[in-house]
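4 protein chains.
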Amino acid sequence: MSVIQDNGLILIIYKDRKYLKRISAGQSFHGKGGALNYSDIIGKEYGIRLGEYDIYEPTIEDIIMYAFKRETQVVYPKDSFYIAFKINAKSGSRILEVGTGSGALAYVLAHTVGPQGKVVTFELEERHYKNARKNIEKYGEWDNVELHNEDVENYFDDGFDAAFIDVREPWTCLNKVRSLVKESASIGMIVPTANQISELLKALENGFGHVEVMEIMHRKYKTVAERVRPQDRMIAHTGYLVFARRLDTDAERTAQKA
Amino acid sequence: MSVIQDNGLILIIYKDRKYLKRISAGQSFHGKGGALNYSDIIGKEYGIRLGEYDIYEPTIEDIIMYAFKRETQVVYPKDSFYIAFKINAKSGSRILEVGTGSGALAYVLAHTVGPQGKVVTFELEERHYKNARKNIEKYGEWDNVELHNEDVENYFDDGFDAAFIDVREPWTCLNKVRSLVKESASIGMIVPTANQISELLKALENGFGHVEVMEIMHRKYKTVAERVRPQDRMIAHTGYLVFARRLDTDAERTAQKA
Amino acid sequence: MSVIQDNGLILIIYKDRKYLKRISAGQSFHGKGGALNYSDIIGKEYGIRLGEYDIYEPTIEDIIMYAFKRETQVVYPKDSFYIAFKINAKSGSRILEVGTGSGALAYVLAHTVGPQGKVVTFELEERHYKNARKNIEKYGEWDNVELHNEDVENYFDDGFDAAFIDVREPWTCLNKVRSLVKESASIGMIVPTANQISELLKALENGFGHVEVMEIMHRKYKTVAERVRPQDRMIAHTGYLVFARRLDTDAERTAQKA
Amino acid sequence: MSVIQDNGLILIIYKDRKYLKRISAGQSFHGKGGALNYSDIIGKEYGIRLGEYDIYEPTIEDIIMYAFKRETQVVYPKDSFYIAFKINAKSGSRILEVGTGSGALAYVLAHTVGPQGKVVTFELEERHYKNARKNIEKYGEWDNVELHNEDVENYFDDGFDAAFIDVREPWTCLNKVRSLVKESASIGMIVPTANQISELLKALENGFGHVEVMEIMHRKYKTVAERVRPQDRMIAHTGYLVFARRLDTDAERTAQKA
Numbered sequence: 000m001s002v003i004q005d006n007g008l009i010l011i012i013y014k015d016r017k018y019l020k021r022i023s024a025g026q027s028f029h030g031k032g033g034a035l036n037y038s039d040i041i042g043k044e045y046g047i048r049l050g051e052y053d054i055y056e057p058t059i060e061d062i063i064m065y066a067f068k069r070e071t072q073v074v075y076p077k078d079s080f081y082i083a084f085k086i087n088a089k090s091g092s093r094i095l096e097v098g099t100g101s102g103a104l105a106y107v108l109a110h111t112v113g114p115q116g117k118v119v120t121f122e123l124e125e126r127h128y129k130n131a132r133k134n135i136e137k138y139g140e141w142d143n144v145e146l147h148n149e150d151v152e153n154y155f156d157d158g159f160d161a162a163f164i165d166v167r168e169p170w171t172c173l174n175k176v177r178s179l180v181k182e183s184a185s186i187g188m189i190v191p192t193a194n195q196i197s198e199l200l201k202a203l204e205n206g207f208g209h210v211e212v213m214e215i216m217h218r219k220y221k222t223v224a225e226r227v228r229p230q231d232r233m234i235a236h237t238g239y240l241v242f243a244r245r246l247d248t249d250a251e252r253t254a255q256k257a
Numbered sequence: 000m001s002v003i004q005d006n007g008l009i010l011i012i013y014k015d016r017k018y019l020k021r022i023s024a025g026q027s028f029h030g031k032g033g034a035l036n037y038s039d040i041i042g043k044e045y046g047i048r049l050g051e052y053d054i055y056e057p058t059i060e061d062i063i064m065y066a067f068k069r070e071t072q073v074v075y076p077k078d079s080f081y082i083a084f085k086i087n088a089k090s091g092s093r094i095l096e097v098g099t100g101s102g103a104l105a106y107v108l109a110h111t112v113g114p115q116g117k118v119v120t121f122e123l124e125e126r127h128y129k130n131a132r133k134n135i136e137k138y139g140e141w142d143n144v145e146l147h148n149e150d151v152e153n154y155f156d157d158g159f160d161a162a163f164i165d166v167r168e169p170w171t172c173l174n175k176v177r178s179l180v181k182e183s184a185s186i187g188m189i190v191p192t193a194n195q196i197s198e199l200l201k202a203l204e205n206g207f208g209h210v211e212v213m214e215i216m217h218r219k220y221k222t223v224a225e226r227v228r229p230q231d232r233m234i235a236h237t238g239y240l241v242f243a244r245r246l247d248t249d250a251e252r253t254a255q256k257a
Numbered sequence: 000m001s002v003i004q005d006n007g008l009i010l011i012i013y014k015d016r017k018y019l020k021r022i023s024a025g026q027s028f029h030g031k032g033g034a035l036n037y038s039d040i041i042g043k044e045y046g047i048r049l050g051e052y053d054i055y056e057p058t059i060e061d062i063i064m065y066a067f068k069r070e071t072q073v074v075y076p077k078d079s080f081y082i083a084f085k086i087n088a089k090s091g092s093r094i095l096e097v098g099t100g101s102g103a104l105a106y107v108l109a110h111t112v113g114p115q116g117k118v119v120t121f122e123l124e125e126r127h128y129k130n131a132r133k134n135i136e137k138y139g140e141w142d143n144v145e146l147h148n149e150d151v152e153n154y155f156d157d158g159f160d161a162a163f164i165d166v167r168e169p170w171t172c173l174n175k176v177r178s179l180v181k182e183s184a185s186i187g188m189i190v191p192t193a194n195q196i197s198e199l200l201k202a203l204e205n206g207f208g209h210v211e212v213m214e215i216m217h218r219k220y221k222t223v224a225e226r227v228r229p230q231d232r233m234i235a236h237t238g239y240l241v242f243a244r245r246l247d248t249d250a251e252r253t254a255q256k257a
Numbered sequence: 000m001s002v003i004q005d006n007g008l009i010l011i012i013y014k015d016r017k018y019l020k021r022i023s024a025g026q027s028f029h030g031k032g033g034a035l036n037y038s039d040i041i042g043k044e045y046g047i048r049l050g051e052y053d054i055y056e057p058t059i060e061d062i063i064m065y066a067f068k069r070e071t072q073v074v075y076p077k078d079s080f081y082i083a084f085k086i087n088a089k090s091g092s093r094i095l096e097v098g099t100g101s102g103a104l105a106y107v108l109a110h111t112v113g114p115q116g117k118v119v120t121f122e123l124e125e126r127h128y129k130n131a132r133k134n135i136e137k138y139g140e141w142d143n144v145e146l147h148n149e150d151v152e153n154y155f156d157d158g159f160d161a162a163f164i165d166v167r168e169p170w171t172c173l174n175k176v177r178s179l180v181k182e183s184a185s186i187g188m189i190v191p192t193a194n195q196i197s198e199l200l201k202a203l204e205n206g207f208g209h210v211e212v213m214e215i216m217h218r219k220y221k222t223v224a225e226r227v228r229p230q231d232r233m234i235a236h237t238g239y240l241v242f243a244r245r246l247d248t249d250a251e252r253t254a255q256k257a
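In the order they appear, the protein sequences are chains A, B, C and D. Going by numbering that gives the first Met the number 0, the letters in the first sequence line up with residues 0 to 257, in that order. Going by numbering that gives the first Met the number 0, the letters in the second sequence line up with residues 0 to 257, in that order. Going by numbering that gives the first Met the number 0, the letters in the third sequence line up with residues 0 to 257, in that order. Going by numbering that gives the first Met the number 0, the letters in the fourth sequence line up with residues 0 to 257, in that order.
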């Protein structure tokens with residue numbers, strides 16, 4: 000049972016519109032479906048229809064899409080949900096991210112690694128760092144995201160289970176990231192252009208294996224039983240996903256240990 | 000550091016082929032790249048190239064795709080990775096699944112809910128149930144999946160955080176599932192045909208809200224830097240995903256409590 | 000050599016915007032790129048840059064997309080270009096169309112059947128019929144489209160090489176259309192919903208063979224050499240295309256002739 | 000009425016299999032549906048079910064897909080049908096093609112330009128040229144395709160209405176093609192990789208305008224009324240289509256005429 004609390008978050012759906020709000024007793028929401036007094040809903044369970052409004056408890060996706068303040072192109076759920084498992088993040092993992100952006104992917108990862116895990120994320124741009132930190136502090140469930148407003152090159156605490164890179168020239172930090180993850184770890188990247196795929200593939204030729212490049216297309220349908228059909232328009236492109244695994248040669252390992 | 004253990008799992012990649020093996024000292028793998036003596040690799044870290052073979056630690060995806068014994072159409076990673084977050088599964092969640100199949104989705108969910116969470120899954124077909132149980136016992140990391148070879152209709156331990164239904168006629172158990180999840184919970188479903196979408200949409204008209212229908216297309220690219228292009232063929236269809244949330248009316252709640 | 004004539008058509012491109020105009024000496028076009036005096040371009044060949052405007056001779060696609068007055072959802076070029084050849088329309092063919100709409104498909108077909116061929120098209124709605132007739136009279140190259148504002152059921156001049164049906168319930172006129180086309184002829188249909196596909200498939204069970212159902216997705220790319228990538232958004236759905244061929248049994252033929 | 004002739008072509012469909020045959024009285028077809036004596040069908044109209052075989056008159060698509068001998072990757076109907084209209088080929092047009100390949104696109108173009116039009120196509124590779132010539136001689140309807148086994152650079156008969164280039168490095172002949180088409184003409188190209196798109200876009204910066212890049216995806220559905228759904232697999236990629244139009248500056252024209 001999830002009860003709507005004063006100062007809690009609610010997702011309001013009115014027809015096709017969605018609003019994510021933090022509520023306060025005494026205040027109210029005014030939309031096309033009329034006024035919704037927050038005092039009337041505090042103490043009720045989520046998942047309730049009141050007049051023309053449906054009130055739900057926000058999900059991870061709702062928070063990212065409707066609550067996060069975005070100062071950058073976020074990694075969309077269609078991509079981030081896939082990425083999280085593809086790099087093998089799971090309960091208890093310690094994950095490295097380079098390029099925090101608005102914090103959307105870090106937020107997803109934080110929910111799967113849980114309170115026993117950790118997401119360590121780097122953002123050079125101070126403005127983005129501050130925005131991401133605010134997003135994650137406001138909406139995070141556990142204190143398991145460590146944000147750095149510095150260059151990952153200055154970081155040396157290695158042994159990450161997996162990593163993700165979301166910067167314009169991911170090839171510039173590939174080797175650093177490789178040195179921070181465990182042997183065999185998965186490293187994911189996202190790039191918007193095919194030219195960048197080409198650059199990345201060159202950079203991945205040494206020290207990496209099992210390279211994969213892909214794109215995920217997400218097509219939504221209308222929800223009328225008598226007229227099942229896709230929506231008219233869709234997002235055609237967010238980015239290309241690239242995945243690889245850290246791969247060492249025997250010689251390299253021997254050298255390392257010597 | 001992840002060291003290859005006797006009796007551990009390895010993913011062998013030779014060119015485009017992948018083999019997932021449980022190794023034993025003294026035994027060996029014979030493929031197109033020659034013999035690989037397991038004794039030679041036990042004690043080394045994963046992520047190593049030996050001759051023409053690359054040896055990695057298997058990921059969740061590798062296990063599902065190359066280790067799981069499949070007696071049913073599995074929910075593919077492109078779908079299951081999305082589903083897990085879309086229904087808001089996270090560290091500590093308690094998730095209901097109806098239609099275990101080969102256990103692929105339960106396995107993904109188990110990795111995100113972690114040792115503090117629980118996946119409770121129902122499969123009517125004894126043969127599938129036994130196969131799924133074996134898959135999950137062999138490859139699961141925590142003891143957090145509870146498999147039932149019985150009808151979910153006979154189960155009454157409610158309060159699940161979310162649910163997923165993967166049976167031929169999901170509308171037949173929708174109301175039961177609804178009664179087992181928390182208010183506001185997300186319920187996901189997968190169906191292969193548009194006719195089933197239509198049936199589901201009718202069934203979702205009462206007691207559910209925020210209905211979404213979608214399909215996810217996953218397009219892989221070749222990995223040659225000088226010739227960036229999609230692969231020639233792709234999987235065109237696995238299933239349509241349907242999501243909805245439990246929605247009550249105020250009257251209903253009052254009646255329930257009375 | 001194609002010279003711009005007084006009273007001729009021009010396609011003006013200014014950055015990403017396109018304008019299709021019929022020009023008159025003395026008049027001018029006023030856009031964000033400044034004024035374009037038509038008198039300055041009359042007598043020049045098409046395909047010329049003047050200031051910030053590029054002036055081209057309109058193609059079939061340009062006419063449909065930017066000149067045709069649309070009173071209905073048009074069959075888009077991605078679909079109509081495919082349909083024309085798929086139903087085997089070619090120079091000299093006589094093609095039947097039921098559901099003229101705005102005339103876009105008839106216009107495409109007219110260009111491939113040419114002056115020796117004929118497109119005969121039926122539209123029940125007077126307003127659409129008049130609009131389509133105007134579109135085709137204004138922009139057609141040959142007098143090879145015959146428009147009827149009547150029910151195809153009242154038409155008996157059979158022997159068409161192929162047919163296309165674009166009405167809400169194509170199954171209602173399928174048998175009539177079948178009777179008007181030659182043996183073995185291709186019949187195409189377009190429907191927006193999966194429910195209609197299902198209805199059509201049932202109706203095609205008798206008297207038709209080689210049934211195909213498909214959809215065509217058209218994804219545009221940005222045109223920057225250094226940043227090759229798809230555009231952000233695309234049209235996700237126009238309609239499902241259904242094709243079948245008239246198929247008789249031997250018994251049926253004998254009966255017909257008796 | 001189309002009657003099956005001795006020495007004519009037939010398309011035989013047996014379940015999901017298609018066979019395109021040239022028939023001779025006295026001979027027969029032996030497939031999984033038993034023997035089909037050609038003498039039994041000569042004189043009947045096409046579009047007939049005989050036992051388990053359906054016999055149709057082959058369409059343009061059938062000829063390309065099942066009759067053409069392929070020595071190269073052909074331009075598939077999903078692309079060629081679009082290309083033909085996109086470059087504005089129509090009844091009576093004179094079209095230039097560089098890179099005949101197996102002749103599939105030339106064959107499509109020939110059917111739309113008709114007996115009053117002309118397709119002039121160049122192929123450097125003698126083996127491909129001979130194969131394409133044979134394909135077109137055997138299956139063409141009119142004598143309107145002119146095949147050259149030589150370099151287009153040696154050709155000077157200009158004034159084409161449109162052109163298409165299908166060679167590995169289309170940028171090498173772009174300017175030659177530009178000189179052979181009319182002002183404002185559409186020029187299409189097909190390339191398999193994103194790297195080639197990038198090269199082409201650079202080459203199109205001078206002398207061309209209205210550049211478009213796109214890909215066409217074609218998704219087939221199963222044809223069972225009760226189970227409407229896409230087929231499991233699809234062709235994910237054939238090539239990227241690039242279109243541009245010849246664009247001159249005023250200065251250039253003046254220079255030309257001087």
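Among the clues, some could well be false.
[Stated by the list, open to error] In silico DSS-like pairs for lysine-lysine, Cα to Cα no more than 30 Å straight-line:
| hint | chain 1 | residue 1 | chain 2 | residue 2 |
| --- | --- | --- | --- | --- |
| 1 | B | 219 | D | 175 |
| 2 | C | 137 | C | 20 |
| 3 | C | 31 | D | 181 |
| 4 | A | 181 | A | 20 |
| 5 | B | 129 | A | 181 |
| 6 | A | 201 | A | 219 |
| 7 | B | 201 | D | 219 |
| 8 | B | 17 | B | 133 |
| 9 | C | 43 | D | 175 |
| 10 | B | 181 | A | 181 |
| 11 | B | 31 | A | 181 |
| 12 | B | 68 | A | 43 |
| 13 | C | 181 | C | 77 |
| 14 | D | 68 | D | 221 |
| 15 | A | 221 | D | 221 |
| 16 | A | 20 | A | 31 |
| 17 | D | 43 | D | 20 |
| 18 | B | 68 | B | 137 |
| 19 | C | 181 | D | 219 |
| 20 | D | 20 | C | 221 |
| 21 | A | 14 | A | 181 |
| 22 | A | 181 | B | 43 |
| 23 | D | 133 | D | 175 |
| 24 | A | 219 | B | 181 |
| 25 | A | 68 | A | 133 |
| 26 | B | 129 | B | 175 |
| 27 | A | 219 | B | 175 |
| 28 | B | 181 | B | 201 |
[To be verified] Part of the chain B face toward chain A, derived, beta carbon under 7 Å:
| hint | residue |
| --- | --- |
| 29 | 1 |
| 30 | 53 |
| 31 | 123 |
| 32 | 200 |
Just so you know, these hints were derived from the structure itself, not from any lab. Backbone N, C-alpha and C define an ideal beta-carbon position, used for all residues, glycine too.
Each hint tested on the structure:
Simply put, residue 219 of chain B and residue 175 of chain D have alpha-carbon atoms about 36 Å apart, too far for the 30 Å limit, and the pair is violated. A hinted pair counts as satisfied when its Cα atoms are at most 30 Å apart, and residue 137 of chain C with residue 20 of chain C qualifies at roughly 12 Å. Of the pairs offered as hints, the one joining residue 31 of chain C and residue 181 of chain D holds, with about 28 Å between alpha carbons and a cut-off of 30 Å not exceeded. Taken as a hint, the residue 181 of chain A and residue 20 of chain A pair is broken in the structure, with Cα atoms around 41 Å apart against an allowance of 30 Å.
With a C-alpha separation of about 35 Å, the suggested pairing of residue 129 of chain B with residue 181 of chain A is violated against the 30 Å cut-off. In summary, the hint linking residue 201 of chain A to residue 219 of chain A is not supported, as the alpha carbons are separated by about 35 Å, beyond the 30 Å threshold. Restraint check: the Cα-Cα separation between residue 201 of chain B and residue 219 of chain D comes to about 27 Å, which is no more than 30 Å; the hinted pair holds. Taking the CA atoms of residue 17 of chain B and residue 133 of chain B, the gap is about 22 Å. The hint holds against a cut of 30 Å.
Taken as a hint, the residue 43 of chain C and residue 175 of chain D pair is honoured in the structure, with Cα atoms around 23 Å apart against an allowance of 30 Å. A distance of roughly 39 Å separates the Cα atoms of residue 181 of chain B and residue 181 of chain A; the hinted pair therefore is violated under the 30 Å criterion. Restraint check for residue 31 of chain B and residue 181 of chain A: satisfied, since their Cα atoms lie roughly 28 Å apart, inside the 30 Å limit. For the suggested pair residue 68 of chain B and residue 43 of chain A, the alpha carbons sit about 45 Å apart, so the restraint of at most 30 Å is broken.
With a C-alpha separation of about 27 Å, the suggested pairing of residue 181 of chain C with residue 77 of chain C holds against the 30 Å cut-off. As the CA atoms of residue 68 of chain D and residue 221 of chain D are separated by approximately 28 Å, the hinted pair is consistent with the 30 Å bound. Distance restraint check for residue 221 of chain A and residue 221 of chain D: the Cα-Cα separation of roughly 21 Å lies within the 30 Å cut-off, and the hinted pair is therefore satisfied. Only pairs whose Cα atoms come within 30 Å are accepted, and residue 20 of chain A paired with residue 31 of chain A is accepted, the gap being roughly 16 Å.
About 16 Å separates the Cα atoms of residue 43 of chain D and residue 20 of chain D, which keeps this hinted pair within 30 Å; it holds. Note on residue 68 of chain B and residue 137 of chain B: the hinted pairing holds, with a Cα-Cα distance of about 11 Å set against a maximum of 30 Å. A threshold of 30 Å between alpha carbons decides the hint, and for residue 181 of chain C with residue 219 of chain D the separation of about 26 Å falls inside it, so the pair holds. With a C-alpha separation of about 44 Å, the suggested pairing of residue 20 of chain D with residue 221 of chain C is violated against the 30 Å cut-off.
Of the pairs offered as hints, the one joining residue 14 of chain A and residue 181 of chain A is violated, with about 48 Å between alpha carbons and a cut-off of 30 Å exceeded. Annotation: proposed proximity of residue 181 of chain A to residue 43 of chain B holds, straight-line Cα distance about 13 Å (limit 30 Å). Our distance criterion of 30 Å between C-alpha atoms is met by residue 133 of chain D and residue 175 of chain D, whose separation comes to about 27 Å. At most 30 Å may separate the alpha-carbon atoms for a hinted pair to count; residue 219 of chain A and residue 181 of chain B meet this at roughly 26 Å.
With a CA separation close to 9 Å, the supplied pair residue 68 of chain A and residue 133 of chain A stays within the 30 Å bound. Using a Cα cut-off of 30 Å, the hinted pair residue 129 of chain B and residue 175 of chain B holds, with the two alpha carbons roughly 24 Å apart. With a CA separation close to 27 Å, the supplied pair residue 219 of chain A and residue 175 of chain B stays within the 30 Å bound. Distance hint between residue 181 of chain B and residue 201 of chain B is fulfilled; the C-alpha atoms sit about 22 Å from each other, no more than 30 Å.
At its closest, the beta carbon of residue 1 of chain B sits 6 Å from a beta carbon of chain A; the interface hint therefore holds under the 7 Å criterion. About 5 Å separates the beta-carbon of residue 53 of chain B from the nearest beta-carbon of chain A, less than 7 Å, and the hint is met. A least Cβ separation of about 27 Å between residue 123 of chain B and chain A goes past the 7 Å threshold, and the interface hint is therefore violated. Evaluation of the residue 200 of chain B hint against chain A yields a held restraint, the C-beta minimum of about 4 Å falling below 7 Å.
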